[in-house]
Each structure stands twice: as C-alpha cells, then as structure tokens.
Amino acid sequence: MKLNKKNMVVISFMLFSLFFGAGNLIFPPFLGQNAGEHTFTAMAGFLLTAVVLPVLGVIVVARFDGLDKLSGKAGKRFAFIFTVLIYLSIGPGLGIPRAASVPLEIAVSPYLPNDANRTLWMVLYSALFFLVALWLCLNPGKLVQRIGRVLTPSLLILLVLLFISFVTKGNVNVAPALDSYQSSAFLKGFTESYNTMNTIAALNFGLVISTTLVSFGLNEKKDRITHTVYAGIFAGSILAIVYMMLSYMGMCSSGVYAVQENGAWTLRCIVQQVFGDGGAILLAAIFTLACLTTCVGLINSISQFFSILFKNFVEIYLESMEHRIKENTLMTKQNIFYHHIVPYLSEMKLDEITPKDIIHWQDQVMKDNNYKQTYLKTIHNQLSALFNYAVRFYGLKNNPARLAGNMGKEEVGEMKFWTREEYLTFSRAMMNKEESYHAFEILYWCGIRLGELLALTAEDFDFEKKALRINKSYQHIRGKDVITTPKTIKSNRVLTLPDFLAEEMQDYISSYLKVDDRIFTITKSGLHHEMDRGCRETGVKRIRVHDLRHSHVSMLIEMGFSAVDIANRVGHESVKVTYRYAHMFPNKYLMIAKKLNISRNGEKDEQEKSRSERTFEK
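Letter by letter, the sequence shown follows residues 0 to 617 of numbering that gives the first Met the number 0.
Derived from the structure by calculation, the hints contain no laboratory data. Ideal placement from N, C-alpha and C gives every residue a C-beta, glycine not left out. Be careful, since some hints might not be right.
As the list claims (entries may be wrong) - Capping the alpha-carbon separation at 20 angstroms, the derived lysine to aspartate or glutamate pairs in EDC-like fashion look like this:
no. : residue 1 : residue 2
1   : Lys432    : Glu536
2   : Lys471    : Glu572
3   : Lys1      : Glu219
4   : Lys540    : Glu529
5   : Lys325    : Glu314
6   : Lys415    : Glu314
7   : Lys540    : Glu351
8   : Lys471    : Glu458
9   : Lys371    : Asp546
10  : Lys415    : Glu321
11  : Lys471    : Asp459
12  : Lys332    : Glu321
13  : Lys464    : Asp498
14  : Lys332    : Glu318
15  : Lys486    : Glu321
16  : Lys489    : Glu557
17  : Lys465    : Glu420
18  : Lys523    : Asp546
19  : Lys523    : Glu326
20  : Lys5      : Asp222
21  : Lys325    : Asp480
22  : Lys464    : Glu420
23  : Lys396    : Asp350
24  : Lys486    : Glu326
25  : Lys168    : Asp276
26  : Lys465    : Glu529
27  : Lys396    : Glu458
28  : Lys464    : Asp506
29  : Lys523    : Glu440
30  : Lys471    : Asp461
31  : Lys432    : Glu326
32  : Lys432    : Asp531
33  : Lys366    : Asp356
34  : Lys396    : Glu351
35  : Lys432    : Asp506
36  : Lys1      : Asp222
37  : Lys489    : Glu572
Said to hold, decoys possible - Computed spacing ranges between beta-carbons, pair by pair:
no. : residue 1 : residue 2 : range
38  : Ala73     : Met121    : 37 to 43 angstroms
39  : Met330    : Ser108    : 47 to 53 angstroms
40  : Pro91     : Arg391    : 30 to 36 angstroms
Working from the sequences, and respecting the hints, build out all of it.
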C-alpha cells in the first residue's frame with residue numbers, strides 16, 4: 000500500500016515539527032554569527048548531526064517498532080532502564096519544560112514592563128501553553144492533522160517571511176570567524192548541533208511516526224519502513240533548508256552586531272532591524288509555534304511508551320476501530336470492553352497478560368454473570384480481536400486469549416420459523432394497521448433485515464420492473480436516526496417482488512409525496528409489540544421479528560431453490576451461512592434417501608416397496 004502525496008507531505012511536516020523546537024531556532028543563527036565567513040563549512044558538520052543522524056534514528060526506531068524493542072537487543076533490563084531514562088530526560092526532565100520557558104524568556108519577557116511580576120507571568124504563560132499542548136495531545140488520532148496541516152505550515156510561512164524580509168531589507172556585513180571556528184569549523188559545527196537534542200529526540204519520535212502510519216492504513220511493516228524513509232528524507236530536507244536560512248541570517252549579521260549572548264538574541268536583533276518593534280509579535284509567534292509542536296511530540300511519544308496498561312490499549316484499539324466499523328457495532332464493542340473486560344484486566348500490562356490470566360478472567364466473568372453460552376463466546380472473541388490487533392500492529396508476541404481457549408459456544412438448536420400457513424394466519428390480525436401489515440409483508444416475503452426494512456424509501460421501489468433495492472440500513476443511535484450502509488457488501492442487492500406484493504406496496508406508498516421519506520416509521524419495539532398482539536389474537540406460536548427472515552429462507556428451501564440463489568436473495572455474505580438452515584427440514588433427508596434408492600433400483604422397485612409397506616401396516 001502507498002500513501003498519496005498529500006498525506007505523505009502532511010506526515011513529513013509533522014515529523015519536521017516534532018524536531019524543530021527552541022534549540023533548532025537558537026543554535027543555527029548563533030552558529031552563523033560566530034562562524035562568520037566559515038559558516039558554510041560549519042553548517043556541513045551541523046547538518047550531519049542535526050539532520051542526517053536524527054533521520055536515520057527515526058528510521059531505525061520505526062524499524063523495531065519502538066526504542067524499547069531496539070534497546071532490547073542488549074538485554075531486557077538494559078532496555079527498560081535505558082528507554083525510561085531517555086524518555087524522562089528528553090521529556091519532563093528537560094525538553095518539555097524548556098519548550099515553555101524559552102519562548103517566554105525570549106519572545107515575551109523582554110517586552111514586559113519593568114515592574115511586572117515575572118513569576119506571575121511565567122505561571123500564566125506556562126499554564127496557557129500546556130493547556131494548548133494538552134488539547135492537542137488528548138486526541139492522538141488528530142495529531143497529524145493539527146500539526147501537519149495547520150501548525151507546521153504556519154511556522155514555515157513565518158520563517159520564510161522572516162528570511163525574505165531579511166534578504167530584501169536587512170543590513171549585510173560578514174565578519175571573520177571567531178577563534179573556535181577558524182581552524183576546525185566543520186568539527187565545531189558537528190559538535191554544536193548536539194545542542195538541538197535532535198539525535199536523542201529521534202529515539203522518541205520513531206514510534207510516533209510508525210503509529211501514525213498505521214492509522215493511515217499501512218499495516219505491513221515493510222510499507223511503514225518505506226514511508227518512514229520517505230518522510231525522514233522530506234522532513235530532513237526541510238530542516239536543512241531552514242537551518243541554512245537561519246545560519247545565513249546569523250552570518251550576514253555577524254559584522255552588524257556584536258556577538259550576542261545566544262542565538263535567540265541574535266534572532267531578536269535581526270527581527271528588530273527588519274520589522275522594528277512590531278517584530279516582537281512575529282518572533283513570539285515563531286518561538287511559540289516551534290516549541291509547541293515539539294512539546295506535543297514529546298508528550299505524545301512518552302505517553303505511547305508509558306501507557307501500556309491494558310485499559311490504555313483498549314482506548315487505542317477502540318479509537319482505531321472508530322472509522323473502520325459502523326457506529327452501532329462500535330457501541331457494542333465499547334459496552335463489552337468497559338463492562339466485561341476492562342474491570343478485570345485494567346491494571347495489567349498488555350505484554351504481561353498470560354493465558355493463565357485469561358482463564359482466571361473467564362472464570363470470574365462466568366461466576367459474576369449468568370450469561371448465555373453464545374454471549375460468553377462473543378465477549379471472549381472481542382478480547383481475542385484486541386490481542387490480534389496488538390500482535391499485528393504493536394509487536395505483541397502472541398495472543399493469550401487464543402492460547403487460553405474460548406469460553407462459551409456457538410448457538411445450537413433449531414431456528415424458529417413460521418410456515419406459510421402460520422404467517423397467513425398471523426397476517427390477518429395485522430390488517431387493521433396498514434403500516435404493521437405491510438412491514439410484516441415485506442419481512443416475510445422478501446426476507447430482508449429489520450434495519451433494511453426501516454431504511455426503505457419510495458425511491459427504492461421500481462414497480463415497472465417489480466424490483467426492490469436494498470442499499471442502506473436504519474439504526475437509532477444515541478437518540479438519533481442514523482442511516483448507514485447495509486451489514487455486508489453482499490447485502491447491497493436488488494430483489495424481485497412477487498406480483499401481489501408489488502401491487503400491495505404500490506397502493507400503500509401512493510400517498511407519499513416525497514420519495515426520500517422513510518416508508519416505515521414504526522420503531523423496532525413497536526414491531527415487537529405488534530408481533531405479541533398478532534400471536535395473542537391468532538394463537539400462532541411466538542417467534543422473533545428476525546425469525547421472519549429465517550421463515551423466508553425456510554420457504555425458499557422448501558420450494559427447492561439452491562443455497563447460492565437463497566444467499567443472493569437474502570444477502571448472506573457466504574453460502575456457508577445459508578447452509579446453517581439445512582436442519583430446518585429434517586424430512587428432506589428421507590426424501591433424498593428415497594430418490595437415491597429410485598436412482599439405483601428404479602421407479603418400479605420403489606413402488607413395490609411402498610405397496611409392501613402399506614400391506615404390512617394393514
């Protein structure tokens with residue numbers, strides 16, 4: 000699978016933003032001011048450690064699906080200690096606090112009144128900064144859109160604006176290099192670039208990129224690695240261009256200003272020269288955006304590493320399923336996990352859950368609840384699906400739920416259904432309510448699902464061809480009417496209506512003025528109540544509304560249609576589903592045996608046998 004160019008650019012922008020923080024703004028112009036005429040030589044070394052090595056680091060970490068798995072080559076204990084120290088040092092220990100303090104000190108504090116309470120301003124600015132960072136991090140699934148499509152382009156536009164303005168308006172005077180850059184400019188640039196912390200940060204961001212690519216549908220590891228390389232090269236190229244722009248401005252200003260305290264003050268002087276006092280706003284915006292994107296990247300990467308408890312992974316899994324399955328199916332999953340699974344396994348680490356733990360969980364669920372065997376199996380299958388997801392995309396070694404074995408079992412026993420005579424008896428009780436009568440007519444004579452029935456509009460009927468189109472389903476979710484696609488791909492179908500039913504439906508919907516109105520507005524519970532009423536009045540055995548679909552299939556089996564024909568009419572995804580109905584007519588087995596006997600011995604022998612049996616009975 001390949002990503003389109005637009006998504007590839009967005010992911011590359013995100014990776015650039017993760018790297019480009021306060022240090023990346025400060026050190027290139029400071030290098031240019033100090034290196035002067037040797038700036039380009041120094042930048043060659045700078046780019047090697049600030050761009051090439053970090054990009055390679057991201058690719059390697061993505062290759063191993065996380066720093067912990069990469070460092071695990073040296074042993075589990077080392078992997079744990081090393082990874083924790085890296086994440087803590089680059090994150091809450093240094094990188095994250097610096098992300099808020101640098102823009103405050105450089106872009107805000109110099110412009111505060113002399114009598115201003117600096118501590119109060121620091122608290123207020125930091126609170127606002129981290130609240131914005133929190134909002135961006137609360138939904139990791141939207142991180143790439145918010146950073147890659149909004150924040151990064153905004154930052155790049157501001158940097159390009161600053162560079163163009165400097166080239167057209169700025170004073171240029173390149174000074175000789177300082178002593179430290181006179182003899183070994185390349186080596187000095189090589190070592191200075193470590194101050195950006197890009198190389199260490201790359202160890203964090205590799206997992207972020209890998210996870211982001213999974214959210215875009217790149218499930219195969221080789222595809223993720225390939226696209227990580229593409230993103231790394233693109234992001235690295237942007238980084239290199241921006242570094243050269245910043246260092247160029249520092250170089251051209253080296254003879255204009257005395258050597259500044261740091262690169263931030265160099266940038267401040269450049270902005271002041273080009274834009275005057277109003278440049279403070281531009282500088283504040285550049286620093287804030289740069290630091291904010293890096294801060295968000297650090298928080299997200301660290302959270303991905305430390306949030307490996309089962310309950311946290313459930314949230315990751317359900318968020319991934321949000322756009323892959325229908326809303327009602329997602330709600331079912333959520334209900335099962337949060338009521339029957341998370342309460343038992345929530346505080347356990349995902350990779351430490353064993354088959355023994357699963358068996359203990361099964362025992363507890365069966366002890367605490369008196370569920371049917373089929374529902375127990377459904378609960379277990381949902382847990383197993385989560386572990387399969389973790390195995391496939393997050394490097395979990397095996398599925399402990401599969402190793403432990405299932406609980407519960409498939410539904411056994413015969414399906415309930417009505418014969419044609421039973422349905423006709425029932426339908427007479429429905430004739431006093433037109434909507435109920437026609438709803439049951441469609442359900443029985445067409446075998447469609449209840450959701451498909453409730454989604455029908457007049458436009459779905461072609462009375463000239465006597466055809467009914469099924470292409471949608473109705474659900475009532477969270478108090479709202481929701482129209483979705485049908486249950487499966489095969490559920491999209493066109494049914495041929497019997498003549499009598501076509502005439503009935505044409506007369507019934509003739510009063511509808513809008514073709515897009517739902518024909519049946521009765522609720523699911525309303526149909527269940529009508530089923531109760533009809534059975535009570537006629538004495539017909541009670542079946543479920545869904546069993547009318549079974550009744551239609553049974554009628555088609557009785558009429559001698561093939562499993563393929565039946566599956567196409569009722570929208571079964573597989574013919575195997577249709578074969579499950581075979582037990583509904585056990586007398587068919589006797590008929591098969593008789594026909595086989597006739598085929599072997601001839602019609603005459605079979606007739607003589609029948610006469611003998613009748614004589615014996617007399």
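Results of checking the hints against the structure:
1. Lys432 with Glu536: The given pair, whose Cα atoms are some 14 angstroms apart, holds under the 20 angstroms limit.
2. Lys471 with Glu572: holds (16 angstroms)
3. Lys1 with Glu219: Distance ~11 angstroms between lysine 1 and glutamate 219 Cα, so the pair holds.
4. Lys540 with Glu529: holds (14 angstroms)
5. Lys325 with Glu314: Roughly 17 angstroms separates the two Cα atoms, so the pair holds.
6. Lys415 with Glu314: violated (39 angstroms)
7. Lys540 with Glu351: violated (52 angstroms)
8. Lys471 with Glu458: Holds, at roughly 12 angstroms.
9. Lys371 with Asp546: Within the cut-off at roughly 19 angstroms; holds.
10. Lys415 with Glu321: Given that 20 angstroms is the threshold and the Cα spacing comes to 34 angstroms, the pair is violated.
11. Lys471 with Asp459: holds (10 angstroms)
12. Lys332 with Glu321: holds (10 angstroms)
13. Lys464 with Asp498: holds (10 angstroms)
14. Lys332 with Glu318: holds (11 angstroms)
15. Lys486 with Glu321: holds (16 angstroms)
16. Lys489 with Glu557: Answer violated: lysine 489 to glutamate 557 is near 23 angstroms, above 20 angstroms.
17. Lys465 with Glu420: Violated. Lysine 465 to glutamate 420 sits at ~24 angstroms, over the 20 angstroms cutoff.
18. Lys523 with Asp546: holds (14 angstroms)
19. Lys523 with Glu326: Holds, at roughly 18 angstroms.
20. Lys5 with Asp222: holds (17 angstroms)
21. Lys325 with Asp480: Since the Cα atoms of lysine 325 and aspartate 480 sit roughly 14 angstroms apart, the hinted pair holds (cutoff 20 angstroms).
22. Lys464 with Glu420: The given pair, whose Cα atoms are some 28 angstroms apart, is violated under the 20 angstroms limit.
23. Lys396 with Asp350: Distance ~8 angstroms between lysine 396 and aspartate 350 Cα, so the pair holds.
24. Lys486 with Glu326: holds (12 angstroms)
25. Lys168 with Asp276: Status holds; Cα separation ~15 angstroms.
26. Lys465 with Glu529: Violated, because 28 angstroms separates the two Cα atoms, which is more than 20 angstroms.
27. Lys396 with Glu458: Measuring from Cα to Cα gives roughly 52 angstroms; hence the hint is violated.
28. Lys464 with Asp506: holds (16 angstroms)
29. Lys523 with Glu440: Cα-Cα ~16 angstroms, so holds.
30. Lys471 with Asp461: This hinted pair holds, its Cα atoms lying about 16 angstroms apart.
31. Lys432 with Glu326: Judged against 20 angstroms, a Cα distance of about 32 angstroms means the pair is violated.
32. Lys432 with Asp531: Holds. Lysine 432 to aspartate 531 sits at ~14 angstroms (cutoff 20 angstroms).
33. Lys366 with Asp356: It holds: about 15 angstroms lies between the C-alpha atoms, which stays within 20 angstroms.
34. Lys396 with Glu351: Within the cut-off at roughly 10 angstroms; holds.
35. Lys432 with Asp506: holds (15 angstroms)
36. Lys1 with Asp222: Status holds; Cα separation ~7 angstroms.
37. Lys489 with Glu572: Holds, at about 5 angstroms.
38. Ala73 with Met121: 37 to 43 angstroms: Check passed, 41 angstroms falls within 37 to 43 angstroms.
39. Met330 with Ser108: 47 to 53 angstroms: holds (50 angstroms)
40. Pro91 with Arg391: 30 to 36 angstroms: holds (31 angstroms)
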